[in-house]
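Residue numbers (our numbering), protein chains in the order written: chain A, 1 to 110; chain B, 1001 to 1110; chain C, 2001 to 2143; chain D, 3001 to 3143.
Hints may be right or wrong, so weigh each one.
[What the hints assert, rightly or not] Derived DSBU-like pairs (lysine-lysine); straight-line CA-CA distance at most 30 Å:
no., chain 1, residue 1, chain 2, residue 2
1, D, 3093, B, 1067
2, A, 10, A, 67
3, D, 3009, D, 3124
4, B, 1067, D, 3009
5, C, 2093, C, 2009
6, C, 2093, A, 67
7, B, 1096, D, 3093
8, D, 3093, D, 3124
9, C, 2134, C, 2093
10, C, 2093, A, 96
11, D, 3009, C, 2134
12, D, 3134, D, 3124
13, D, 3093, C, 2009
14, C, 2124, C, 2009
15, B, 1067, B, 1010
16, B, 1096, B, 1008
17, D, 3009, D, 3093
18, A, 67, C, 2009
19, D, 3134, D, 3093
20, B, 1067, B, 1008
21, A, 8, A, 67
22, A, 96, A, 10
23, C, 2124, C, 2093
24, A, 67, A, 96
25, B, 1096, B, 1010
26, D, 3134, C, 2009
27, C, 2134, C, 2009
Worth flagging that the hints you see were computed from the coordinates, not collected in a lab.
Read off the chains here:
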Amino acid sequence: MQISTRRKDKTTIFDLSGDIDFANSPVVRDSVLREIRESRTPCVVVNLSQVRYMDSSGVASMVEGLKASRDLGSRFILVGLTTSTREVLQLSRLIKVFEVYDNEEQAMTS
Amino acid sequence: MQISTRRKDKTTIFDLSGDIDFANSPVVRDSVLREIRESRTPCVVVNLSQVRYMDSSGVASMVEGLKASRDLGSRFILVGLTTSTREVLQLSRLIKVFEVYDNEEQAMTS
Amino acid sequence: MLALYSNPKWLSVVRGTVERLTETLGFPIAQCRSITRAVDEALTNIVRHSYGNRLDQPIAMYFRRAQRRHDGQVQQGLEILLCDRGPAIDPCKLQGRPLDEIRPGGLGLHFIRQAVDTVEFTRKGPTNRLRLVKYLAQGSSVL
Amino acid sequence: MLALYSNPKWLSVVRGTVERLTETLGFPIAQCRSITRAVDEALTNIVRHSYGNRLDQPIAMYFRRAQRRHDGQVQQGLEILLCDRGPAIDPCKLQGRPLDEIRPGGLGLHFIRQAVDTVEFTRKGPTNRLRLVKYLAQGSSVL
Ligand SMILES: Nc1ncnc2c1ncn2[C@@H]1O[C@H](COP(=O)(O)OP(=O)(O)O)[C@@H](O)[C@H]1O
Ligand SMILES: Nc1ncnc2c1ncn2[C@@H]1O[C@H](COP(=O)(O)OP(=O)(O)O)[C@@H](O)[C@H]1O
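All chains should be built: construct the whole structure from the sequences, respecting the hints.
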């Protein structure tokens, strides 16, 4: 699993790739929460387009990101859902809870 | 592994997909050889673009196809080599022995 | 049979194994994904709950064919047995959170139950055994 | 540890396991492919030559860390042991065909030797053991 981050104006984009599972979801969780709580970034976008697999602990990390940004009145957006990540969010009945866009461009102009 | 065949004029195209390994290369070998020897098709194209893996027995099947068509003065062409199939033909030092094209269109107009 | 240690870095290896095994047995692609997910979540639970995140504890997995009569027909299937040597599981604790709450955690068992036809926890001597069985739809069997 | 029967349909399952294992250990992607290929070819040889294409014979695979000193530095690596219970192998037969001949067959051992740093056949009691070791370049180790 690899995480890299980019900034565009007031938005931070997390590009995740590979498998997000119990071995590495704590790292994902921590970097996302730090960005929201410490850097106070107004908008965090998580790009999942290169994610091959996401387990329930990955979903939990996304839920924590969402909750943290709600607490602070910032935005938390998921983009680039693959079949596999979409499936896991649907199974969790969480897909409607998140702000989801097909891609970064749509997220930035919304 | 899946095999399907198509005909275009005097050419038969084998579309292979999945993994060609010792479990199924005999099937690949037999269908290719039947097409060359029994149907006497003047040109056989093997499309490897959907092949994820090919082992040495898969390479051997291609060599048998090549030899059979040489014996009969027909053509035997490989198209759509992926990183993995190209690698295995290079390791076998056989890549230069085969008539190889990027895709079907190039093979048909050559 | 696959034996490994309880280090979460091996989860990806097991997923690779189960993905290919279910593919080879002829499960439809979406079921290959969901069975793989079930095994991954079950292993994660063993690592976390049976072994308290210790990395060096033994886990054994057995893969066998299963068979049942269903609607008057014989269905072929895959049985997966996951064995660990952690403390006995309190059956009362074996439940996830209600799916309509938005909070992290408590999803693994839902994913497991969604994916397979049988989920069975048993204790045999010092061993926790989790038995998962998934049957193939008639006709799609290539077992 | 992975134990399986000598049915070639499980070859794909083992490739899935080894692909992910080598990826997890941090081997570069081309080496993940070549190590996987080596194991696949070695298993195929066991099925064909040790077991004469019988489908129900036992094969055991062990995966361990390896270490060596190389150019004054410690290199981490992966050791793979493949064990079968076929008849003892005649070492004189253990050779492929010359690579400049164009004919089918005789490529497996070339692929194996190309992929790993050590290839060692030994006989221990009733067991053929093939030991493959591949080391990681310094610095790329994530073991
Ligand atoms: N292998 C296990 N050993 C002990 N308890 C377990 C095991 N697997 C699951 N449980 C219990 O079931 C609960 C629900 O599991 P799960 O749905 O996977 O969610 P989570 O693990 O995130 O809590 C766990 O919190 C735990 O109490
Ligand atoms: N596990 C084995 N048991 C017995 N003989 C073997 C084994 N592996 C390889 N060999 C011998 O080595 C030869 C070369 O093997 P290989 O390069 O894989 O080509 P092929 O298997 O196509 O002949 C085989 O023909 C066989 O005689």
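These are the hints, each one checked on the structure:
At roughly 26 Å between alpha-carbon atoms, residue 3093/D and residue 1067/B fall within 30 Å of each other, so this suggested pair holds. Under the criterion of a C-alpha separation no larger than 30 Å, the hint pairing residue 10/A with residue 67/A is consistent with the structure, at around 19 Å. At roughly 27 Å between alpha-carbon atoms, residue 3009/D and residue 3124/D fall within 30 Å of each other, so this suggested pair holds. For the suggested pair residue 1067/B and residue 3009/D, the alpha carbons sit about 28 Å apart, so the restraint of at most 30 Å is met.
Restraint check for residue 2093/C and residue 2009/C: satisfied, since their Cα atoms lie roughly 26 Å apart, inside the 30 Å limit. Taken as a hint, the residue 2093/C and residue 67/A pair is honoured in the structure, with Cα atoms around 26 Å apart against an allowance of 30 Å. A distance of roughly 28 Å separates the Cα atoms of residue 1096/B and residue 3093/D; the hinted pair therefore holds under the 30 Å criterion. Among the hinted pairs, residue 3093/D with residue 3124/D is consistent with the structure: their alpha-carbon atoms are about 19 Å apart, no more than 30 Å.
Restraint check for residue 2134/C and residue 2093/C: the C-alpha separation of about 24 Å stays at or below 30 Å, so the hint holds. Restraint check: the Cα-Cα separation between residue 2093/C and residue 96/A comes to about 28 Å, which is no more than 30 Å; the hinted pair holds. About 19 Å separates the Cα atoms of residue 3009/D and residue 2134/C, which keeps this hinted pair within 30 Å; it holds. Taking the CA atoms of residue 3134/D and residue 3124/D, the gap is about 22 Å. The hint holds against a cut of 30 Å.
With a CA separation close to 39 Å, the supplied pair residue 3093/D and residue 2009/C exceeds the 30 Å bound. The suggested pairing of residue 2124/C with residue 2009/C holds, with an alpha-carbon distance near 27 Å, which does not exceed 30 Å. Restraint check: the Cα-Cα separation between residue 1067/B and residue 1010/B comes to about 19 Å, which is no more than 30 Å; the hinted pair holds. With a CA separation close to 26 Å, the supplied pair residue 1096/B and residue 1008/B stays within the 30 Å bound.
Simply put, residue 3009/D and residue 3093/D have alpha-carbon atoms about 26 Å apart, close enough for the 30 Å limit, and the pair holds. Simply put, residue 67/A and residue 2009/C have alpha-carbon atoms about 28 Å apart, close enough for the 30 Å limit, and the pair holds. Pair hint residue 3134/D plus residue 3093/D holds up; C-alpha atoms about 24 Å apart against a cutoff of 30 Å. Taken as a hint, the residue 1067/B and residue 1008/B pair is honoured in the structure, with Cα atoms around 23 Å apart against an allowance of 30 Å.
Distance restraint check for residue 8/A and residue 67/A: the Cα-Cα separation of roughly 23 Å lies within the 30 Å cut-off, and the hinted pair is therefore satisfied. Distance check on the hinted pair: residue 96/A and residue 10/A sit about 25 Å apart at the alpha-carbon level, within 30 Å; holds. For the given pair, residue 2124/C sits about 19 Å from residue 2093/C by alpha-carbon distance, which is consistent with the 30 Å threshold. Taken as a hint, the residue 67/A and residue 96/A pair is honoured in the structure, with Cα atoms around 14 Å apart against an allowance of 30 Å.
Annotation: proposed proximity of residue 1096/B to residue 1010/B holds, straight-line Cα distance about 25 Å (limit 30 Å). The straight-line distance between the Cα atoms of residue 3134/D and residue 2009/C is roughly 19 Å, inside the 30 Å bound, and the hint therefore holds. Proposed proximity of residue 2134/C and residue 2009/C is supported: the alpha carbons are some 26 Å apart, at most 30 Å.
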